[in-house]
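Chains A and B, in that order, give the protein sequences. Start counting the first sequence at 1; every next residue gets the next number (this note's numbering). Start counting the second sequence at 1; every next residue gets the next number (this note's numbering).
It is worth saying that the hints were derived from the structure and are not from the lab. Treat the hints with care, since some could be wrong.
[As the list claims (entries may be wrong)] Not everything, but these chain A residues come out facing chain B in the computed CB check (under 10 Å):
#	residue
1	Thr15
2	Ile22
3	Val23
4	Arg166
5	Pro167
6	Val254
7	Leu255
8	Pro260
9	Val278
10	Arg281
[As the list claims (entries may be wrong)] Computed footprint of chain A on chain B; a stretch qualifies when at least three of its residues, placed anywhere within it, have a C-beta under 8 Å from a C-beta of chain A:
#	region
11	132–146
12	153–160
13	236–248
14	251–262
15	283–293
For glycine and all other residues, C-beta sits at the position ideal for the given N, C-alpha and C.
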Amino acid sequence: MYTYIVRRMGFGALTVLGVSIIVFLIMRVMPGDPLTAIFGPEGMTKLTEAQRNSYMEELGLTDPLFLQYIYWIGDILTGEFGRSFFRAESVGEMVIRRGPLTAQIAILSVIFSWVIGLPVAIISAMKPNSIIDNVVRFFSIISIAIPGFWLGMLIILGLLFWFGYRPPLTGASLFENPWTTFQMIIGPAIVLGLGQAAYIARMARSTLLEVIREDYVRTARAKGLSGKGVVRLHALPNALLPVITLSGILLGFVLAGSIPVERAFGVPGLGFAMFTAVNERDIFVMQNLVFLYAMVFVMLNITVDIIIAWLDPRIRYS
Amino acid sequence: MTSIPGDMSQSPSQPLPKPPSLLSRMWKGVREFTRRSPMAAFWGVLSISIVIMAISAPIIAPLDPLKADFRAMGKAPYEAHMFGTDQIGRDTLSRVIHGSRTSLIVAISAVLLGTTLGSIWGLASGFLGGRFDIISQRIIEFLQAFPDLILAMAIAMAMGSGTTTVIIAIAVTRIPFGGRVIRSVVLSLKEMSYVEAARGLGASNLRIMALHIMPQCIAPFLILATTHLGVAIIIEASLGFLGVGIPPPTPTWGNMLSDALNSGLIPPWWLVLFPGAAITITVLAFNLFGDGIRDALDPRLRGSQ
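Working from the sequences, and respecting the hints, build out all of it.
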């Protein structure tokens with residue numbers, strides 16, 4: 001087990017290093033220099049040569065690329081993650097202030113996806129190709145096709161129209177006033193959870209159908225266990241492994257999906273910060289946030305792999 | 001056993017039946033596809049209609065999508081403007097129709113570009129193997145460490161706005177999929193005896209890859225391309241919604257939703273409903289048509305999803 005964890009961590013560290021190089025290459029080396037990204041093509045023509053040079057100097061963009069990269073890694077290691085070009089806040093502070101909201105949305109949405117996805121999967125796996133199964137399948141296909149941010153806008157409009165209710169826009173911490181926070185995160189969590197629930201239901205249904213054909217399930221039935229008992233005690237626990245893996249991967253995609261969804265709901269989380277950074281052309285914030293998101297994604301994958309290896313000895317020893 | 005004398009009786013002098021032309025073969029294929037999966041055929045017809053709508057947008061659209069009409073600003077749907085108008089009086093219906101154009105051009109070119117690049121990469125890395133393969137696998141792993149949307153956002157932002165930028169940004173997110181799938185196909189193909197035979201005849205690596213391996217990769221390539229169209233459309237819309245897509249005033253579905261949200265505290269419902277419904281219907285049609293194509297081209301995968 002420990003060798004597995006160490007090996008997995010090693011690969012993870014390598015991936016994070018690779019990710020940092022790719023982010024750096026995208027933000028600093030790709031066509032279009034950072035100043036154009038910040039000031040825009042029109043703003044760029046208004047700058048004089050001297051101004052341009054002094055900005056470049058100030059931002060440390062005149063150093064050789066290799067040095068810039070090293071400085072950036074230094075910034076990451078100190079936990080400051082570079083400074084915003086427009087705001088008096090380092091990216092590290094921004095993450096601490098806004099991150100919790102996004103994290104709460106992500107976790108709540110995963111809980112939702114399980115609460116909705118699993119029962120649906122069990123119902124449709126019990127009666128494959130029945131009417132219920134087909135209805136469920138159709139809804140899961142639709143919920144994959146609906147863009148989350150659009151669903152979010154519709155929910156907000158609907159709530160306003162029918163109930164005259166608008167979720168609070170400025171929030172607080174979970175512990176100071178939990179009710180406000182809950183009202184803020186519930187909408188995005190439902191929208192993001194529905195999207196995941198579709199995948200969870202699909203995956204759980206197909207693994208359940210496989211597991212049900214196994215010998216030990218037949219044995220359990222033969223010894224007189226009821227249908228419900230078989231599902232609860234034998235089929236479901238064995239069908240859950242791929243679902244856990246999928247859930248971990250989906251959680252990463254939820255972090256990305258929360259960017260437009262947070263914008264649609266106006267929730268000031270980290271995704272909204274990313275939206276702001278993109279529109280202010282704040283390449284330093286963007287560079288660090290992209291790196292952070294990718295790093296969280298990698299770490300989630302490692303965590304899920306370790307959980308799976310812990311649950312399933314076949315993986316650990318292969 | 002009885003069939004053998006029958007075969008013998010056929011004299012070689014009889015004229016052979018003419019091989020069916022490509023057109024009639026295609027027609028037969030379409031009929032077969034419709035018979036086997038009528039639902040997929042329905043979504044296929046819908047997909048093709050959307051493509052036709054995109055191509056003939058200037059003819060179908062009742063009004064100019066860019067022309068502001070200050071006599072009809074922010075109007076809810078009525079006879080003259082079936083889908084209503086936005087804050088400066090542009091016709092929403094025309095903008096939705098024109099939006100399909102941008103959406104499809106971006107999605108189709110991005111998926112083709114990304115899947116092709118990824119497939120060629122996967123083909124080379126699977127066939128050549130060795131150090132090139134190991135390094136390629138690592139790079140693909142790094143690329144997959146980014147959620148699609150975030151990678152596309154970063155690229156779109158760094159390169160500056162424009163249609164080409166958005167296409168490249170989405171294409172890059174599709175490369176790992178092409179690379180992975182085609183590589184695994186090639187790994188099994190490479191062991192086939194006809195490849196060995198070609199090598200025995202002295203064929204070069206390039207020749208084997210181009211003439212013997214590549215044709216076998218066409219079916220998985222088509223499956224990949226069609227199944228990823230829907231995702232590409234959603235990424236394009238999200239980029240537009242986040243303000244890093246194709247710059248205004250070009251009407252795209254994502255831009256329209258973004259404009260609606262920027263228009264005030266409460267966005268008018270018609271500016272939200274129609275562009276989003278267009279995205280959903282298009283993605284639904286492409287996804288289900290793609291599933292049908294996958295089932296038709298690769299029966300082994302049937303019902304796996």
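Tested hints:
1. Look at Thr15 of chain A: its Cβ gets to within about 5 Å of chain B, closer than 10 Å, so that hint holds up.
2. Here the hint on Ile22 of chain A is kept, as its CB sits about 6 Å from the closest CB of chain B, short of 10 Å.
3. Because the smallest distance between the Cβ of Val23 of chain A and any Cβ of chain B comes to about 7 Å, under 10 Å, the interface hint for this residue holds.
4. Because the closest C-beta pair between Arg166 of chain A and chain B is about 8 Å apart, less than 10 Å, the hint holds.
5. The closest approach between the C-beta of Pro167 of chain A and any C-beta of chain B is roughly 13 Å, which is over the 10 Å cut-off, so the hint fails.
6. Taking 10 Å as the C-beta contact cut-off toward chain B, the hint placing Val254 of chain A at the interface holds, the least distance being around 9 Å.
7. Checking Leu255 of chain A against chain B: minimum C-beta separation of about 6 Å stays under 10 Å; hint holds.
8. At a threshold of 10 Å, the smallest CB-CB gap from Pro260 of chain A to chain B is about 5 Å, leaving the interface hint in force.
9. A least Cβ separation of about 5 Å between Val278 of chain A and chain B falls short of the 10 Å threshold, and the interface hint therefore holds.
10. This hint holds: Arg281 of chain A has a C-beta 7 Å from the nearest C-beta of chain B, less than the 10 Å allowed.
11. Here's how the region 132–146 of chain B fares: 7 of its residues keep a CB closer than 8 Å to some CB of chain A, so the rule of at least three is met and the hint holds.
12. Under the rule that three or more residues need a Cβ within less than 8 Å of chain A, the assignment of the region 153–160 of chain B holds, with 7 such residues.
13. Proximity of the region 236–248 of chain B to chain A, defined as three or more residues with a beta carbon under 8 Å from a beta carbon of that chain, is established by the 6 residues found.
14. For the region 251–262 of chain B, the assignment as covered by chain A holds, since 3 residues bring a beta-carbon within under 8 Å of that chain's beta-carbons and 3 suffice.
15. Coverage of the region 283–293 of chain B by chain A holds. Counting CB-CB distances below 8 Å, 4 residues qualify, and the rule asks for three or more.
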